[in-house]
Every structure is written in structure tokens, then in C-alpha cells.
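Participant: Same order as they appear, the protein sequences are chains A and R. When we follow numbering that gives the first Met the number 0, the leftmost residue of the first sequence carries the number 0, and every step to the right adds one. When we follow numbering that gives the first Met the number 0, the leftmost residue of the second sequence carries the number 0, and every step to the right adds one.
Hints in this document: simulated from the structure, not taken from any laboratory. Predicted, not measured: the structure shown is a model, and the values here were computed from it. Incorrect hints may appear among the rest.
Within a straight-line C-alpha distance of at most 25 Å, the following computed DSS-like cross-link-like pairs (lysine-lysine) qualify [claimed, not checked]:
{"#": "1", "chain 1": "A", "residue 1": "374", "chain 2": "A", "residue 2": "307"}
{"#": "2", "chain 1": "R", "residue 1": "121", "chain 2": "A", "residue 2": "234"}
{"#": "3", "chain 1": "A", "residue 1": "371", "chain 2": "R", "residue 2": "163"}
{"#": "4", "chain 1": "R", "residue 1": "163", "chain 2": "A", "residue 2": "234"}
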Amino acid sequence: MNLADKEILELNELCHVLVEGTLSDAQTSRLAHWLATSEEARQFYVRAMGLSASLFSYASEMQTEESDTTAPAAKIVDVGWWARWAKLGALAAAASLALVLWLEWPKQPTLPVPAPTDELVAQLTGAKACQWVDNGSSVQPGGRLHKGQKLELAKGFAEITFDSGAQIVLEGPASLDVKSAWAATLNRGTLKASIPPEAMGFSISNPTVEVVDLGTEFTMFADAIGSATEVLVLKGEVEAQPNAGADQQPIVLRERESRRFATSGVSIVHDSEEKFAQLAQSVLLDHFIPPTDYMHWSFNEADGDIFKADASGTPFAAADLKLENVLSSALAGAHSAGRWGHALQFDGHLFAKAAFPDISGNTPHTVVFWVKVPKDANLSNAYAMVAWSMNSKNFGSHPIHIGWNRNPNEGTVGVLRTDYGGGFALGSTPLRDGRWHHVSVILIPGEDAKSFVEVKQYVDGRFEGEGNPSPPGSEIFSKLSGATSGTVWLGCRLGINSVRQERFRGEMDELFIADRALEPWEIVQLMKDNQLPQSELAAAKKQN
Amino acid sequence: MKQEPQDETESRKRLMTLMTRHQRQIFGYIYTLVPNRYDAEDLLQETSLVICEKFDEFEEGTDFVAWACQIAYWRIRYSRQKFARSKVVFNQEILDAVARTASTMTSELDSRHEALGNCLQKLHPRDRELVLTRYEPGSGVEEAARRSGRTLQTAYKALARLRKLLLDCVSNQLAGRGAT
């Protein structure tokens, strides 16, 4: 017999008071009754308590990371239950040895790494009759936007796509602050926000309200002096937290619902029907979507140790992929069932390479593929899924490696990691789970050696992790790489002049390398359809 | 029989690997039976000592978590006998019933732990901070309320709501995976 909603609510409340240590005698009796008489109740209880146990672990890891950041020299973690292991100091040698390692615990799945303050977090992706207030606030079509950048639109429409995938159409006159890939402030004016599921949690705030998206499309009108804001939900739902007035309880607004948030309090929107009708009229924007050239290895058909490449647009001078370090008797085993058709299976020994001169040029690229990493993959199997070298002083002789993190001092072991000259990016989704994950890495090299290099990672369509500077002590060599450049390498780690011993273990499918930074929604589309949207289709899709 | 030094080193390495990998799961099992963080940590510590002592009895290739949880279970029973109700909320009958259920759910709980990482990311940063502050070592609802500028009562209610939200999010994620 399944638990009824009412029973679940009661059990949930009982587990809550138990965790908080405020269980009354009556509640203790009630919980005991449930646990003694119902297997479903016991399962619910185990899940609820397991959630709290996991939260202890995540919170402890977060605190550990902060501790590492502020005091990098202090290697011994002295927080939480880890510290209690110190009591084991009097144990026999075996236990003492164990203690040292337990204190340096590999980090469990954790939250995204905080981004640097000068990062680029969004892009102007569309416009119509767009006029900026002055030259200082103007943005070029397709221009990238900094964290903290203020946009002052005098008239017309401007579409901003955040790296999280959230999209805003700003209608002038309006003023908007870009706070991060996940947040913006509407100072005044009107905006319409479209938030795909991958960007759930994106928020827009101002002095009167903070709107947190729960997967939706909504509009905000903020008056010129920041004293009132109207929120109208077109699809899905949002959580609106009043920032002013006596009652600041969050309000969930659903489709076709609206509210006015003012310093005096929350009220209804009197002309909401009229406004909803206006919003139903779509605005045709000019989009700045350049054509995409890309190479694609599907791994569906093998000719011995060769996998065919196919190209779109102006073909790259890329060649078919050739397997290396594999016996002919093992070729069949390298070709397994994939996420789409067949996949290439890396056994920890073989690797593959394809001539690809453009990959080493100082231009943006997006590398996209499906990957499945076995649960028991060793640390020596972390490098690399994809690797290449750049002929750029920005990267020096450091090759670019896309693999998974094996350094617990720098982040969670097993999450997506991209290393490049001068820094690395870390994701947050553990990849070592024996399941297929969709991986995209955008690399935008700076124009010269002093320019900021952008690296953005997406896992399963969700933005997670951008490049951070290398820790002090790392060195960027001035010598340019030669032997490994002009080639894309799969399944191996690159040294300065040759392939190193480390090999990736796992499966890879549907590798795309595009000649520009794909937009977040294009990455999602590629994940869903296994093909890149064509420019004209893309423009049509964005008119919706 | 006493182990040779070489064997002993290998055995230690093996023990360290297993404990490194599975400590969280063992703690989760103990916390489910003894739902007080500090009591559960004490019991984890005591359990770990027994695991160190008895590791030569562990059969390679068998389920380490199940073996360690058995040791934890007996430590919890011992704790109950020694300290009456201290450290253990439930009577023996309920303890046994919950222990049986928990022992059949270790794999599911692992998946739930992973899914929780994703669900935490989906929370609004303000809510995520509230939850993680509550669960930080040495912290609690009071500290979470103080840092977030909420009243104790509001923080308490928000935590109840967020736990339910996370519980549902995790279940939905696992249901979604099962469907594909």
C-alpha cells in the first residue's frame, strides 16, 4: 500500500522535527508507530534521514573548500566529523596511517566553483532598433558582457543570453545590471525572460522584488524610480520574494498570474489582461548567429582502425580518426553500442588522433561529445577524453586537456575538468557513474598574450564551471608546442612533444568540434537532436 | 596468525581505500538509526576502530559496506545496552526493523546522494546557503538563521520546506533516470 499525501506530509514533519531535535513525546510515539507498522513509512524515513546525512557531507565539503581557499597551506582539515578522527591518534600504526588519509578525504560531489570577478557571463545575441543611452553603455552585436556590466538601453529591444542559458529581451528605455550567469538586476524598464529547464534558478531582482525562476517565461515592468515592479508569468511558475513592505513571504506565481510589488506592499495588477494580451505579440529580432562550421565523428562506422569524419559548412581540413596502440584482434572491442548508434571504447591503452590544423589556431572552438566513465575508473584514467595543443602564447606549451578531475585538493574528484595554459575549469556533476553524460567545452582564446581566456563547461546541457586561474606556482612556458599541435587527440594525455603514458578509460560518442562558441540553447539542441541547428532554423526558433 | 609486514602494508592500503570510499555511507546508516549528528559521529568513530581491529576477518570480494554496517549495528546495540536510551531514540524492535529496511536501500541511497548534488545546484543561492549553513560542522538552525538574516521561526520553516523540496527533487531525478 502506498502512502497517501497526508501521511507523507505527516512523516515529513516528523522527520523534520527529529532532525532538528524538537521531537515531542507525542511525535516520538507517532513516529515509532509508523516505523513499527509500515515498510513504506520506514523507506520514507530512511530516505529522509539519508538526505540529512548527505547534507552533512556536502556542507562539510563546502566548508573544507572554503578553508582550503583561505588557508592553502593548512592541509589538515580541522572541521566537522573529520576532526573527530584526530581522537584516533593513540591507535596502533595501522589505524594511525589510516587517519592521515581519512583527513585528506576526496571531495564528494559539490557545488560550482565560484567564478572570478572579471569574468564574461553573457552575450548580446539579438536586437531590434536598439539604441544605447551613450557610448559607454553600448554593446556591439554578438558582444560578450562582463559580470557587473550595466546596460542602459534608450529605445528598441536587446536580447541577452546568459551563459546559464537564461535569455532576456530588454525593452527600452531600460536599465539592467548583469550580475552573473545566473542573476541580473532590472533597475527600470521592461524585460521578458525565457528560462529553459537547464537554467532553472536564474533570478532577477530589484529593490522591490526578487524573482527566482522555477522553469518558465515571465515579464517584469519596473518603474523609473525603483518603487514598484509588476511581474506577469506567461508560462510555468516563479517564486517572487518581496524585498519591501511588511509581508516579505515568498509568493509562487503560476501561469497567467501577476502581482505588483511596491515599497508599500504587494497588490494585484489592475490591467493584467491587457498586458498579457500585449505580451502575446512576438517581437522579431535580428539575431547575430554566425554560420557554424564543424567536424563530426559519429563513431558509427569503422573501417579497421579508421573512423570517418564528416563536415558541415566550409569543411575544415580535418582527417578521419585513426586508432593507435591497439591490436587488430582488439579492434572489435573498441567499437561498442553508444548513446547514438555506436561509440568508441577506450580500454585504458588505446588512443586515437586525427589531423586537424584549425584546432590549434587562436580562434574560439566548442568541443561537444557524449562520454560514459566507468564507476571503477582509476585516477590514472582521468586524462584525457579530448586533448590538443594551441599555437598561441596564451597557452604556451600547455596542451588543452578535457578529462575528469583527479586532484582532490583542487575540487571534487570525478567532475569534468578542462586544463589549459594558465588555468583550469571544474564542473560539479560526477562523471564516474557508468552513465552517459553530455559534455560541452567552449574555449575562447584571447586575441593576444594579455587577453583573458574564456573556458566554459556544460554537462548534460547545464552550465557548470568556467576557467579559473592556475594556483600560484604553475608556470606557463613561452615555448610553443610543435609535435602535438594541428592534431586532435582522444583518450590520451599530451606532453610537450609527445603522448604521455596516461590513458582515458571509458566510452565516447558523437564528437563535434565547432568553429565558434555555441550558445547554451544550441548545446541543449545538440544534446537532444544530435545535430546542430542550422542558422536559419536557429533564427526561426528564437523568434518564438 | 600474525601477518607478514608486506601483507600488513597491503591490508592497510586496502582498508584505507575502502574507508575512504565508504565512510559517508556508513555514517548515513548510523545516522538513520541514531538521528543525532554528534552521537552518530561518536558511533562512527567507535565503529571505525572495530573495523580496523577486525579487518583481517573481512572477506575480499564481499560487500564492505554491508560488513561495516553490521559492525555499526552491533555498536549501536551495545551503546543501547550500556547507556540505556542514550544515543538511541528507538526501541529494539523498531531499531531492527529500520536497520533491515536501510540495509536493502544502500544502492538507492548512493544514487540519491549523487542526485542531491544536482538538486542543491537548482536551489536559489539564498536557500542553498541556508541549507548548507544549517548542516555545517558546529552549526545549526540558529546559526543558519543568524547568517541569513531570518528569524529562528522563519529559518525553521524554510528548512522544512527546503528538505521536502530536495527530497522530491531527488525522487524526481531518479524516476527520470529510470524512465530513460
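Participant: All hints, please: hold or fail.
Facilitator: These are the hints, each one checked on the structure:
1. A:374 <-> A:307: Outside the cut-off at roughly 29 Å; violated.
2. R:121 <-> A:234: Status holds; Cα separation ~19 Å.
3. A:371 <-> R:163: 31 Å, violated
4. R:163 <-> A:234: Between residue 163 (chain R) and residue 234 (chain A) the Cα gap is close to 24 Å, so the pair holds against 25 Å.
The structure is inconsistent with the numbered hints 1, 3, although it conforms to all the rest.
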